[in-house]
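Asks: Following the hints, complete the assembly by docking chain B onto the known chain A.
Chains as they are written, first to last, in our numbering: chain A, 1 to 289; chain B, 1 to 186.
By construction, these hints were calculated from the structure, which means they are not laboratory data. Computed from a predicted model, the values in this text were never measured in an experiment. The reader is advised that the hints may include incorrect statements.
Claimed, not checked - Label-pair ranges, simulated between beta-carbon atoms:
no., chain 1, residue 1, chain 2, residue 2, range
1, B, E84, A, I206, 45 to 53 Å
2, A, A88, B, A156, 47 to 55 Å
3, A, R74, B, M53, 50 to 58 Å
4, B, Q106, A, R74, 30 to 38 Å
5, B, Q106, A, G185, 22 to 30 Å
6, B, T33, A, I33, 45 to 53 Å
7, A, R204, B, G54, 19 to 27 Å
8, B, G111, A, W22, 31 to 39 Å
9, A, R183, B, Q106, 44 to 52 Å
Unchecked claim - No farther apart than 25 Å at their CA atoms in a straight line, the calculated lysine to aspartate or glutamate pairs in the DMTMM-like style are these:
no., chain 1, residue 1, chain 2, residue 2
10, A, K71, B, E40
11, A, K71, B, E178
12, B, K44, B, E178
13, B, K108, A, E216
14, A, K75, A, D11
15, A, K75, B, E45
16, A, K75, B, E178
17, A, K71, B, E49
18, A, K106, A, D176
19, B, K108, A, D176
20, B, K108, A, D211
21, A, K106, B, E49
22, B, K108, A, D11
23, A, K75, B, D64
24, B, K127, A, E155
25, A, K106, A, D140
26, B, K108, B, E45
27, B, K108, A, E270
28, A, K71, B, E45
29, B, K44, A, D11
30, A, K106, B, E84
31, B, K127, A, E270
32, B, K127, A, D140
33, A, K71, B, E68
Every residue, glycine too, gets a C-beta built ideally from N, C-alpha and C.
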Amino acid sequence: MLCVVGTAPTDDFPLVTGAVRWEGEKLAVGSSILAVNRGTAALLAAALAAATELGQPAPVACLVGDTGTGKGSRKLYAHLTEFLPAAAFRTIVFHYLQPIVHWHRKLQDVLGKLTPRPCLIADAGFMYAAKMSGAAMLYDLFTPDAGELAFLADEEAPHPFYTRGFILHEENRVPDLIARAYRHGNAARYLLVKGRQDCLADERGILETVDSPVEEALEAMGGTGDTLTGLVSLLIDAGMDIRSAAVAAMRANRLAGALAHPTPATQIGEVIGHLPAALREVLSRQEGL
Amino acid sequence: MSLFSFRRKGAGEKPPAERGGQADRGFLVFENTGEVLQAEGLLKEHGWEIRVMGPPPEVRQGCDLVIEFPLIEELQILRALVAEKLPPLNTVPVTSPLLQPVDIFQVKDFGRWLMVRAANMKLTVDKETTAIVNVSGGGCPDVPYLAASLVGQTLAGAPPPRQIGHTLCGYALQLAYEEVQRLCSV
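If we strip away everything but chain B, and leave its shape as in the complex, we get:
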C-alpha cells in the first residue's frame, strides 16, 4: 500500500465531547493487534509520545486497538512505519475521526509558471525547466526547511517532501508536488 493511498469513507459526525482536549492527536488504525503492538514498540523506540487504546466506533475496523499519536507529526511517523513494513490502514484525527485529508487542488497558470495548492501549501514550478521556483503557505516548522531544500531543484531531482518533511504541512506539500508532477507529466 502506498504511504498516501488511504482515505476515509463516510460522512461527518459530531466528535465526542470527551475528546475535545486532544485536538492535536490522531489515531493509527492497523489490520490486527499484532501490528499494533509491533508499531507501538517501534514508535516508543523512536521516542514518540504515543499510547495504545481502544478505538472509537467511527474507526473500528476489525482490530480492537489503535495507537494515539501526535497528529502534526504524521508524516515522519508514517515514514518510520512504512520503512518497517508496518503501514497503518488509516490515520484519523482523534477529535473528528471521519475527517478526510484535503483532496481538492487549486491550480493557477501564470503562463511560464504553474502553481498548485493543496490545503494550505502552494508549490510553483517553471513549466519550461520543471524547476521548483517557490514554496508558499503553511505554518509548521518544516515548511521553511522544505522550501530551502526544494526551491531551485527540478521536479525530477528534488527530494519528495514525504522523504524530508515531518508534519501535516509537509504532507500537504507532498500532495501538491504529486499533482504538479502529474500536470507536468514528469
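Here chain A stands alone, though its shape is the one from the complex:
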C-alpha cells in the first residue's frame, strides 16, 4: 500500500491518517475535506485516480495543515516517528513538509529500521530536507524539476533560493547537473527530472527520456510535478519496477496535460480529470504490470 506524507494549505487542517477517497470533486481523509489543487492534494488526486484505474487500494494519507510556519510539519514529523514503525507500507512518498534537518534525522533513523524496507520517494520540501541532511542516498527516487535539479547539483546550497548562478546557468545541461548531484552524494538512487523533456536517471546517467506530447503551457501550471510524483508512486506501489513506472508516469502525465488543451492559465484540476484516460492509453501500450 502507498502512503503519502504531506501538508494541506490551511492551519486548521488537523493531523489525519487514513485512506483517501473522493467526496464529490474534493478529497477526504476521515471527516477532513481537502480541495484538489496544487501541492499534496494534487499528488493524492493523481495517485487515487491511478489506483482506481488499476484496481489498487486507495493511498493512505498522513496529512496536517501548514501554511509555512512549520508548526504542522513538526507535528507530522513527530507523528511519523511513532506511526511508521508499526505500519507496513510498500511505498512511502514524502512531499510538502517544512525542511527541518533535525527532524529529518530522527525520521531517517526510523526509516532505516523498517522491515521490509519500503520504497522511499521524496519530492518538494522533504527532498530539500533529505539533501540538507546529507541523506539523499537513503531514498529510491527523487522527483525534482529543473530548478530543483540545479539545487541538488549545488553541493553548497542549503535551499534552491541559494543555488549559485553558475549552476543555474547550466540548467539546460541536465546530464551535467545529474552527474554533479551524484558526484556529491545529493541524489537518490533514481532521479525523475521533470521538465520540457522528462527523464529518468541514475548514477550512470540518463536512462529514459519522454518528450512528447509537448505542451509549453504546462511549465507555468502549478501542480503538474505533483501529479507526476503521484502517478509514479502509485505505479511503483502497484508492482512496476521504478524504470517502467517512471516511463509510464511521464507519458501519462504529459498525455493528460495535452488532453486538457492547456493555456498558462489552466489549473491542475483540469489535467487530473484526464489522468485515468491517459493512464489507460499509456498502459495499453506499455508492458510492465
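Replies: Frame of chain A, contents of chain B only:
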C-alpha cells in the same frame, strides 16, 4: 533599508566542516550588539529556536555577535524584525556564509501570458488583465497557500508574498513577483 535589499559581496569559500550539521540554519548579522540583544528577545518571545553566538570570519562586520536562526523561516523572521525596526544588515546560510540569494530571473513570454522564474518559483500573469493565473514550483508548505491566495488576483490587488509567506520559497516568489511587476510596469 528595504526588507529585500541586502546582498552579500565576495567570492565562495569552503564552509568549515564543523558547520556541516547545520544546513538548515542561518545567521542574522546586525549593526551592533544592542540590536542583536533586542532581536534575540523579540525572536524568543515569538517562540523561534535561535541562539546568540560569535560570528564566523566571513560575516564579521564590526559586531561581535550574530543570531543563529532556522534559515527556511527567514521570510517570517525578517518580517517580525522589520516590524520592530530591527532589520538585520545581512542574512546568510551557516554552512556557506558567502552564498547569495538567487538573482537570476528567467522570463518566458507566452504571448498573452508572461512567466517569471526566480530560483525554484514561477509566477505567471495575464498581460492584458495583470491577473496572476498560476504559481508553480517550490517545495516549502507555504507554496500551496501562497498560490491559493494569489491566483485570480491582479498584481495590484494581490498581497505581496513577503506579507503572507513564511519561507525561502515564499521569498523566491516575492522576487518573481517584483520582477513581474517591473516587467508589467504596474
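Asks: A separate judgement is required for each hint: does it hold in the structure or not?
Replies: Quick rundown of the hints versus the structure:
Between E84(B) and I206(A) the beta carbon distance is about 50 Å. The supplied range of 45 to 53 Å therefore holds. For the pair A88(A) and A156(B), the supplied restraint of 47 to 55 Å holds, since their beta-carbon distance comes to about 53 Å. Remark: the range hint 50 to 58 Å for R74(A) to M53(B) is contradicted by a beta-carbon distance near 23 Å. Distance hint check for Q106(B) and R74(A): the Cβ-Cβ separation is about 33 Å, which falls inside the suggested range of 30 to 38 Å.
At about 28 Å, the CB distance of Q106(B) to G185(A) agrees with the hint of 22 to 30 Å. The beta-carbon spacing between T33(B) and I33(A), approximately 51 Å, falls within the hinted interval of 45 to 53 Å. Between R204(A) and G54(B) the C-beta distance comes to about 45 Å, which lies outside the given range of 19 to 27 Å. At about 36 Å, the CB distance of G111(B) to W22(A) agrees with the hint of 31 to 39 Å.
Remark: the range hint 44 to 52 Å for R183(A) to Q106(B) is contradicted by a beta-carbon distance near 25 Å. With a CA separation close to 20 Å, the supplied pair K71(A) and E40(B) stays within the 25 Å bound. This hinted pair does not check out: K71(A) and E178(B) have alpha carbons roughly 28 Å apart, beyond 25 Å. For the proposed pair K44(B) and E178(B), the alpha carbon gap of about 31 Å is over 25 Å, so the pair is violated.
Note on K108(B) and E216(A): the hinted pairing holds, with a Cα-Cα distance of about 10 Å set against a maximum of 25 Å. With a C-alpha separation of about 12 Å, the suggested pairing of K75(A) with D11(A) holds against the 25 Å cut-off. With a CA separation close to 21 Å, the supplied pair K75(A) and E45(B) stays within the 25 Å bound. A C-alpha spacing of about 34 Å is found between K75(A) and E178(B), which places the hinted pair above 25 Å, so the restraint is violated.
Annotation: proposed proximity of K71(A) to E49(B) holds, straight-line Cα distance about 12 Å (limit 25 Å). Taking the CA atoms of K106(A) and D176(A), the gap is about 32 Å. The hint is violated against a cut of 25 Å. Straight-line distance between C-alpha atoms of K108(B) and D176(A) comes to about 23 Å, which keeps the hinted pair within the 25 Å bound. Proximity of K108(B) to D211(A) is assessed by CA-CA distance (about 19 Å); at most 25 Å being required, the pair is judged to hold.
Between the alpha carbons of K106(A) and E49(B) the distance comes to roughly 18 Å, so the proposed pair stays at or under 25 Å and holds. With a CA separation close to 34 Å, the supplied pair K108(B) and D11(A) exceeds the 25 Å bound. Our distance criterion of 25 Å between C-alpha atoms is broken by K75(A) and D64(B), whose separation comes to about 36 Å. Distance hint between K127(B) and E155(A) is unfulfilled; the C-alpha atoms sit about 37 Å from each other, more than 25 Å.
Restraint check for K106(A) and D140(A): the C-alpha separation of about 19 Å stays at or below 25 Å, so the hint holds. The suggested pairing of K108(B) with E45(B) is violated, with an alpha-carbon distance near 43 Å, which exceeds 25 Å. Using a Cα cut-off of 25 Å, the hinted pair K108(B) and E270(A) holds, with the two alpha carbons roughly 23 Å apart. About 16 Å separates the Cα atoms of K71(A) and E45(B), which keeps this hinted pair within 25 Å; it holds.
Note on K44(B) and D11(A): the hinted pairing holds, with a Cα-Cα distance of about 22 Å set against a maximum of 25 Å. Simply put, K106(A) and E84(B) have alpha-carbon atoms about 35 Å apart, too far for the 25 Å limit, and the pair is violated. Proximity of K127(B) to E270(A) is assessed by CA-CA distance (about 22 Å); at most 25 Å being required, the pair is judged to hold. A threshold of 25 Å between alpha carbons decides the hint, and for K127(B) with D140(A) the separation of about 42 Å lies outside it, so the pair is violated.
For the suggested pair K71(A) and E68(B), the alpha carbons sit about 19 Å apart, so the restraint of at most 25 Å is met.
The earlier numbered hints that this structure contradicts are 3, 7, 9, 11, 12, 16, 18, 22, 23, 24, 26, 30, 32.
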